[in-house]
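Chains A and B, in that order, are what the protein sequence lines are. Here the first sequence is numbered in the working numbering, starting from 1 and rising by one per residue. Here the second sequence is numbered in the working numbering, starting from 119 and rising by one per residue.
One should not assume that every hint holds.
FRET-style restraints, in silico, Cβ to Cβ [as the list claims (entries may be wrong)]:
#, chain 1, residue 1, chain 2, residue 2, range
1, A, V50, B, D216, 28 to 38 Å
2, A, A75, B, F154, 18 to 28 Å
3, A, D61, B, K210, 35 to 45 Å
4, A, V25, B, A187, 34 to 44 Å
5, B, F154, A, Q39, 40 to 50 Å
6, B, D216, A, W10, 24 to 34 Å
Please keep in mind that the hints were generated in silico from the structure rather than gathered at the bench. Positions of the beta carbon are idealized from the N, C-alpha and C atoms, including for glycine.
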Amino acid sequence: MSGALVPIAWIVVAYSLLVTVAAAVGLFLRAPRPRWLDQLAWMLEVLAFVLAVGALAALSDGRPHELSTHLGYVAAVVVIVPIAMLSVRDDRGPWSSGVVAVAALATGVVAVRIMMTR
Amino acid sequence: MKSEPRSGPHLVLLAVYALFVLAAGARSLVQIATRFSDAPLAYVLSLLAALTYAAGWFAIRRAAHGRPAFARGMLWVELGGVMVVGTLSLVKPDWFSDATVWSDYGQGYGWVPAILPIAGLFWLHRTHPRTRMDTESERA
Numbered sequence: 001m002s003g004a005l006v007p008i009a010w011i012v013v014a015y016s017l018l019v020t021v022a023a024a025v026g027l028f029l030r031a032p033r034p035r036w037l038d039q040l041a042w043m044l045e046v047l048a049f050v051l052a053v054g055a056l057a058a059l060s061d062g063r064p065h066e067l068s069t070h071l072g073y074v075a076a077v078v079v080i081v082p083i084a085m086l087s088v089r090d091d092r093g094p095w096s097s098g099v100v101a102v103a104a105l106a107t108g109v110v111a112v113r114i115m116m117t118r
Numbered sequence: 119m120k121s122e123p124r125s126g127p128h129l130v131l132l133a134v135y136a137l138f139v140l141a142a143g144a145r146s147l148v149q150i151a152t153r154f155s156d157a158p159l160a161y162v163l164s165l166l167a168a169l170t171y172a173a174g175w176f177a178i179r180r181a182a183h184g185r186p187a188f189a190r191g192m193l194w195v196e197l198g199g200v201m202v203v204g205t206l207s208l209v210k211p212d213w214f215s216d217a218t219v220w221s222d223y224g225q226g227y228g229w230v231p232a233i234l235p236i237a238g239l240f241w242l243h244r245t246h247p248r249t250r251m252d253t254e255s256e257r258a
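If we strip away everything but chain A, and leave its shape as in the complex, we get (with noise of 0.2 Å):
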């Protein structure tokens, strides 16, 4: 299982920088956020979703060299985006596409920490 980590966890970083371009582009033209900006980030949950149970499979191949941390890096990476789009629920003004952005960034680095630490 560990093999398939790797392409799902890259997967989950080249949507991720995806979903951050259309986000930061949003907000550059001080667009009011798209539904489709919300729809995007949720399928990149659903992806980040897929990478943490990958991840929770791989562990019956082998114990990672820093167990705490990389199961702390599986927690974040399917918290942040509903964190982010529940701070938002309420406000779609061109800042909050700022907020979907920072989420999806920060989605992609974790997935690479998952892989770094796995």
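The hints should help you fit chain B onto chain A, whose structure is shown.
Just chain B now, kept in the frame of chain A:
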């Protein structure tokens, strides 16, 4: 003066502060719980950084509600912490057996720890410019 917070740059600042509470807090708690004796100073400083970010989040939120006094102090404290720890980590590396969140001015986190308080102070200056009345009321 109290007012309802509006959508604005503070939303992004709050998101980054919340991320750093999570990142620095989880990192320091794991390090303190699993290998505190390896680098006690570094791990306590990372915990201090996490507490500073929690206070910074609260300060930005208060400022967005029209009460900027706490943020005016807190953001300078945070910037001072990054500068002091960052400089010490470069000139006295033997004091730090392991990296802290603020080592090398936050290089391990893309220098965001150094940029964040400056961005916060810039936002505060733009949204709550100091007036003579503010200065006099703070002195009183």
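Using the beta carbons of D61/A and K210/B, state whether their distance is inside 35 to 45 Å or not.
holds (42 Å)
Fill in: Distance restraint evaluation - A75/A, F154/B, Cβ atoms, bounds 18 to 28 Å
22 Å Cβ-Cβ, so the 18 to 28 Å window holds.
| message | Holds or violated: the 40 to 50 Å window for the beta-carbon distance between F154/B and Q39/A? | response | Because 44 Å falls inside the window, the suggested range holds.
Q. Is 28 to 38 Å a correct range for the gap between the Cβ atoms of V50/A and D216/B?
A. holds (33 Å)
Practice problem: Can you let me know if the beta-carbon spacing of D216/B and W10/A is within 24 to 34 Å? | Solution: Given a distance of about 29 Å, which is inside 24 to 34 Å, the answer is holds.
Original post:
Regarding V25/A and A187/B, is the given constraint of 34 to 44 Å on their beta-carbon distance met?
Top reply: Given about 36 Å between the Cβ atoms, the range holds.
Going through the hint list in order, the structure satisfies each hint without exception.
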